[in-house]
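Undergrad: Sequence:
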Amino acid sequence: TPFVPMGETFLSRVEPGAIGSMVVLLALIGAIGFGGYSVLQEVQRVQVAPVDQTPVVLADLDPLNGAAITQPSAEIVNSAAPQVLDNPRGNALDRLYRPQALDVPVLVARDAPIANIDPRSIGSFTAPVFNDTDVNLIAGINGALAEANGIAVPQVVEGPAPALQMVAAYPSWVRVRSAEGTVIYEAVMEKGDTWTVPATVEPATLRTGESGAIYFAMSGDCYGPVGARGSVTSNLPLEQTALATLYEPAPVTSETTLGRMVADLSAIDPLAALPCKAN
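In this note's numbering, the protein residues as written are 1 to 279.
Hints in this document: simulated from the structure, not taken from any laboratory. There's no promise every hint is true.
SDA-like cross-link-like pairs, simulated, lysine to any residue; straight-line CA separation at most 25 Å [claimed, not checked]:
#, residue 1, residue 2
1, K191, L102
2, K191, T205
3, K191, Q165
4, K191, G212
5, K191, T253
6, K191, R175
7, K191, G143
8, K191, D264
From a predicted model like this one, the values you see are computed outputs, not experimental measurements.
Make a model of the complete structure from these sequences and hints.
TA: Here it is, written out as structure tokens:
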């Protein structure tokens, strides 16, 4: 009969909207799977890059064991022209050689400490240097010109400071530092050596390892010694007033060390100019 209900087919239970959702879901699953597979392949990829280092296995093997020295043929031996034979061992050694790293780096020492650099001696702050001879010469020229012109030039500065000299009666190590701490003189003064102390605003200081050998020539006489024989003296101010207060004039006789030194080396010009003479 026309009114009898018909049975449902398989296609009638499939909805078009569900088909679209299933297609989208399958495409999403496929994209995720392909992406994961690509990442896995990229992670597992191994790339070999050449390095400048012999492999450990090859380093233990001698590649020259199988190299045989070829004997020259009879034609080469009988030939009068010189022949150059290739040395495979030398070529192999050239290829295998690598410069070895040093255990300790090679360092080049500087010429001198930075503290010894005086900024007043180089660069834009260089000051003209005048010694005592130049100062006296300029003063003499100015005085002669003033006298010739009949102009009385008043004296506005004091004269140069009297000279102070160190004298060594026998070998002694000495070191003189300026007021700023810079070493201006360091040496082993031998018997009869003299050194003139530079005139500075602040007195320099003396350190000596043999105090009994050092004397001072100043104010027309010799003073000292600095200390007892074999003792060390440090931070002694090299200023004439202080030295005259600390030390008495040294007797220059044949019985004293200074007197015997002056008598033995009196022919030396620096000693001949000293105010102390052997009696």
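Undergrad: Does D264 lie within 25 Å of K191 when you go C-alpha to C-alpha?
TA: Distance of about 10 Å is within 25 Å: holds.
Undergrad: Within a Cα-Cα threshold of 25 Å, do K191 and G212 meet the stated pairing?
TA: Holds, because 12 Å separates the two Cα atoms, which is no more than 25 Å.
Undergrad: Under the criterion that the straight-line Cα-Cα distance not exceed 25 Å, is the pair K191, R175 satisfied?
TA: Between K191 and R175 the Cα gap is close to 16 Å, so the pair holds against 25 Å.
Undergrad: What's the verdict on K191 and G143, does the C-alpha distance respect the 25 Å limit or exceed it?
TA: violated, 42 Å
Undergrad: Compare the distance between the alpha carbons of K191 and L102 with 25 Å, and conclude whether the hinted pair is satisfied.
TA: Answer violated: K191 to L102 is near 48 Å, above 25 Å.
Undergrad: Decide if the proposed pair is consistent with the structure: K191 and T253, CA atoms, cutoff 25 Å inclusive.
TA: Holds, at roughly 17 Å.
Undergrad: Between K191 and T205, does the CA-CA distance stay at or below 25 Å?
TA: holds, 22 Å
Undergrad: Check whether the Cα positions of K191 and Q165 lie no farther apart than 25 Å.
TA: It holds: about 14 Å lies between the C-alpha atoms, which stays within 25 Å.
Hint compliance for this structure: hints 1 and 7 are not met, and every other hint is.
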